[in-house]
Amino acid sequence: MTLRTLERRARAMPTSDGAGVRLNRVIGTPNLRNLDPFLMLDEFKSDSADDYIAGFPSHPHRGFETVTYMLAGRMEHRDHLDNVGLLQSGGAQWMTAGRGIIHSEMPQQEEGLMWGFQLWINLPAAEKMCPARYQDLLPEDIREVTDDQGILRRVIAGDSLGTTGPVSGIGVDPLMVDIRMPADSSLTHPVKAGHRAFVYVYRGHIQLGDGTLGTGELGVLRDGDAVALRAQEDSALMLLAARPIGEPIVQYGPFVMNSEEEIEQALRDYRDNRLTA
Numbered sequence: 025m026t027l028r029t030l031e032r033r034a035r036a037m038p039t040s041d042g043a044g045v046r047l048n049r050v051i052g053t054p055n056l057r058n059l060d061p062f063l064m065l066d067e068f069k070s071d072s073a074d075d076y077i078a079g080f081p082s083h084p085h086r087g088f089e090t091v092t093y094m095l096a097g098r099m100e101h102r103d104h105l106d107n108v109g110l111l112q113s114g115g116a117q118w119m120t121a122g123r124g125i126i127h128s129e130m131p132q133q134e135e136g137l138m139w140g141f142q143l144w145i146n147l148p149a150a151e152k153m154c155p156a157r158y159q160d161l162l163p164e165d166i167r168e169v170t171d172d173q174g175i176l177r178r179v180i181a182g183d184s185l186g187t188t189g190p191v192s193g194i195g196v197d198p199l200m201v202d203i204r205m206p207a208d209s210s211l212t213h214p215v216k217a218g219h220r221a222f223v224y225v226y227r228g229h230i231q232l233g234d235g236t237l238g239t240g241e242l243g244v245l246r247d248g249d250a251v252a253l254r255a256q257e258d259s260a261l262m263l264l265a266a267r268p269i270g271e272p273i274v275q276y277g278p279f280v281m282n283s284e285e286e287i288e289q290a291l292r293d294y295r296d297n298r299l300t301a
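Our numbering puts the first residue of the sequence shown at 25, with every later residue one more than the last.
Everything labelled a hint here was simulated from the structure, so no lab data went into it. In this text, all values refer to a predicted model and were calculated from it rather than measured experimentally. There's no promise every hint is true.
[As the list claims (entries may be wrong)] With a straight-line cut-off of 25 angstroms between C-alpha atoms, the simulated SDA-like cross-links for lysine to any residue are:
#, residue 1, residue 2
1, Lys69, Ala150
2, Lys216, Tyr226
3, Lys69, Gln159
4, Lys69, Ile175
5, Lys69, Asp160
6, Lys216, Arg177
7, Lys69, Pro131
8, Lys69, Thr39
9, Lys69, Thr29
10, Lys69, Pro268
11, Lys216, Ser82
12, Lys216, Asp41
13, Lys69, Leu95
14, Lys69, Gly114
15, Lys69, Asn58
16, Lys216, Gln133
17, Lys69, Ser82
18, Lys69, Lys216
19, Lys69, Asp41
[To be verified] Pairwise CB distance ranges (calculated):
#, residue 1, residue 2, range
20, Asp160, Ala96, 17 to 23 angstroms
21, Arg57, Asp247, 34 to 40 angstroms
22, Leu137, Ala207, 21 to 27 angstroms
Glycine included, every Cβ here is placed at the ideal spot set by N, Cα and C.
Using the sequences provided together with the hints, build the complete structure.
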């Protein structure tokens with residue numbers, strides 16, 4: 025076993041997106057532009073409706089996948105394919121934009137805590153123009169397991185110590201696990217060698233090798249086939265990994281392609297109502 029260690033760290037930066045939703049961006053900033061195949065990671069957390077009530081009205085995507093995972097709150101997804109999903113506490117959606125999708129994500133509450141994550145994952149060139157699809161995951165669809173230390177793992181994608189997540193058919197072979205650890209507990213978790221991997225701490229402090237990550241910090245991991253985690257206090261983190269694509273990334277807002285020419289084509293297609301055709 026080769027344990028992964030911290031290669032670098034990045035702290036979440038406050039920004040806004042959609043119609044003014046306040047959030048913290050961790051991947052997709054000047055400090056960490058991308059982490060192939062991960063293009064963006066946002067955490068949104070507020071109990072003030074003014075920070076989230078305007079939501080994410082109808083907008084397009086092409087060339088990548090979006091993943092939304094909710095810790096608290098309720099948000100409705102609608103898209104041009106007539107998919108409708110109610111994202112609620114503990115649920116997730118995995119949307120493959122492919123050639124093109126037009127969708128919205130709007131809060132279904134006017135007060136209370138709204139807390140979750142949105143992740144963008146790139147598609148290889150051969151799949152960027154695939155048909156769009158949508159996987160709606162209810163809270164009960166996500167596999168949970170608790171060990172004898174009280175560590176809870178919620179497995180959204182990939183294999184986590186023998187528990188397999190419900191997301192399927194994703195080419196970059198992702199691992200996505202929400203791990204909640206009591207104080208002084210420890211966990212060694214396999215991560216496929218050669219896959220790009222990171223942890224994002226959303227509560228508490230986690231010791232990883234000879235480094236420590238606190239709330240709102242992301243740790244990029246060096247290569248290896250496992251990561252050893254220890255909670256210094258009651259803590260929670262997201263562990264993510266996927267096969268890198270190794271292709272050029274050209275992004276213009278909600279379009280992610282391999283060349284400027286493909287971006288220009290996406291803009292023309294959207295203008296001419298052919299993005300999803």
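Hints and how they fare:
1. Lys69 - Ala150: Violated: Lys69 and Ala150 sit about 35 angstroms apart, past 25 angstroms.
2. Lys216 - Tyr226: 23 angstroms, holds
3. Lys69 - Gln159: 23 angstroms, holds
4. Lys69 - Ile175: 23 angstroms, holds
5. Lys69 - Asp160: Holds - the C-alpha atoms of Asp160 and Lys69 are around 21 angstroms apart, at most 25 angstroms.
6. Lys216 - Arg177: Holds, at roughly 18 angstroms.
7. Lys69 - Pro131: 13 angstroms, holds
8. Lys69 - Thr39: OK: Lys69 and Thr39 at ~12 angstroms, within 25 angstroms.
9. Lys69 - Thr29: Not satisfied, since the Cα-Cα distance of roughly 28 angstroms exceeds 25 angstroms.
10. Lys69 - Pro268: The given pair, whose Cα atoms are some 29 angstroms apart, is violated under the 25 angstroms limit.
11. Lys216 - Ser82: 37 angstroms, violated
12. Lys216 - Asp41: The given pair, whose Cα atoms are some 33 angstroms apart, is violated under the 25 angstroms limit.
13. Lys69 - Leu95: It holds: about 9 angstroms lies between the C-alpha atoms, which stays within 25 angstroms.
14. Lys69 - Gly114: Judged against 25 angstroms, a Cα distance of about 14 angstroms means the pair holds.
15. Lys69 - Asn58: 22 angstroms, holds
16. Lys216 - Gln133: 39 angstroms, violated
17. Lys69 - Ser82: Holds, at about 21 angstroms.
18. Lys69 - Lys216: 31 angstroms, violated
19. Lys69 - Asp41: 13 angstroms, holds
20. Asp160 - Ala96: 17 to 23 angstroms: About 18 angstroms separates the Cβ atoms of Asp160 and Ala96, which means 17 to 23 angstroms holds.
21. Arg57 - Asp247: 34 to 40 angstroms: Because 20 angstroms falls outside the window, the suggested range is violated.
22. Leu137 - Ala207: 21 to 27 angstroms: 23 angstroms, holds
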